[in-house]
Amino acid sequence: MPVSAAHAQAVDQYAQQVGRLASWARGLTRAQLNAAPTGEFAGTWTVGQNIVHCLDSDLAATHRMRRIVAEATPLLIAYDETHFAASLGYEHDDIELVCRLFDDNRRWTAAWLSRLPDDAFDRAGIHNQRGRVTLGQFAKIYIDHINHHDKFVVAKREMLLSRA
Numbered sequence: 020m021p022v023s024a025a026h027a028q029a030v031d032q033y034a035q036q037v038g039r040l041a042s043w044a045r046g047l048t049r050a051q052l053n054a055a056p057t058g059e060f061a062g063t064w065t066v067g068q069n070i071v072h073c074l075d076s077d078l079a080a081t082h083r084m085r086r087i088v089a090e091a092t093p094l095l096i097a098y099d100e101t102h103f104a105a106s107l108g109y110e111h112d113d114i115e116l117v118c119r120l121f122d123d124n125r126r127w128t129a130a131w132l133s134r135l136p137d138d139a140f141d142r143a144g145i146h147n148q149r150g151r152v153t154l155g156q157f158a159k160i161y162i163d164h165i166n167h168h169d170k171f172v173v174a175k176r177e178m179l180l181s182r183a
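So in our numbering, spot 158 of the sequence shown is number 177, and the numbers just go up one at a time.
One should not assume that every hint holds.
[As the list claims (entries may be wrong)] Quick list of the computed label-pair ranges, beta carbon to beta carbon:
#1 Glu177 x Ile145: 38 to 48 Å
#2 Thr48 x Lys170: 16 to 26 Å
#3 Arg151 x Ser181: 38 to 48 Å
#4 Arg134 x Phe60: 21 to 31 Å
#5 Pro136 x Asp163: 21 to 31 Å
#6 His82 x Arg182: 36 to 46 Å
#7 Glu59 x Leu94: 16 to 26 Å
#8 Leu116 x His167: 33 to 43 Å
#9 Arg49 x Gln28: 35 to 45 Å
FYI, nobody ran anything at the bench for these hints, they're computed from the structure.
Think of the CB as a built atom: it goes at the ideal place given N, C-alpha and C, for glycine as much as any other residue.
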């Protein structure tokens with residue numbers, strides 16, 4: 020069964036975000052990746068924390084999307100992203116590896132999504148915070164998630180590079 024143009028476009032947008040995290044890290048030292056933001060960004064996550072968070076989030080998203088397709092209305096549990104960032108030692112992660120894992124996961128998930136029939140995008144799970152969410156909605160949520168972080172990370176990069 021062919022996939023609708025809307026779903027094909029969503030899968031394409033999802034796949035096009037390969038390389039985005041690597042672009043955030045490009046040219047920054049480990050010290051810059053872990054530098055506490057100042058000025059208007061004081062108290063927010065570092066560039067490195069944003070990068071690792073986006074991998075964590077994408078891995079959770081892939082798991083959720085696969086469960087939606089494989090199971091009948093699965094329960095999808097949220098995680099506390101703030102505690103992840105504070106507790107998992109993001110500052111010690113190999114950012115190049117994190118970026119490769121993100122890219123590989125995006126490619127793998129996009130390839131899988133592109134093989135699904137159109138009706139799979141209407142299948143849903145129940146998220147404990149969001150409520151009923153379809154596969155199609157999850158794809159859009161995670162496209163928007165990277166775009167959301169992009170605005171802040173790009174601005175933080177500019178601030179860091181201007182101080183170098």
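Note to self: Let me make sure I understand: some of the numbered hints might not hold for this structure. Which ones are they, in numerical order?
What the structure shows: Hints 4, 7 and 8 contradicted; others consistent.
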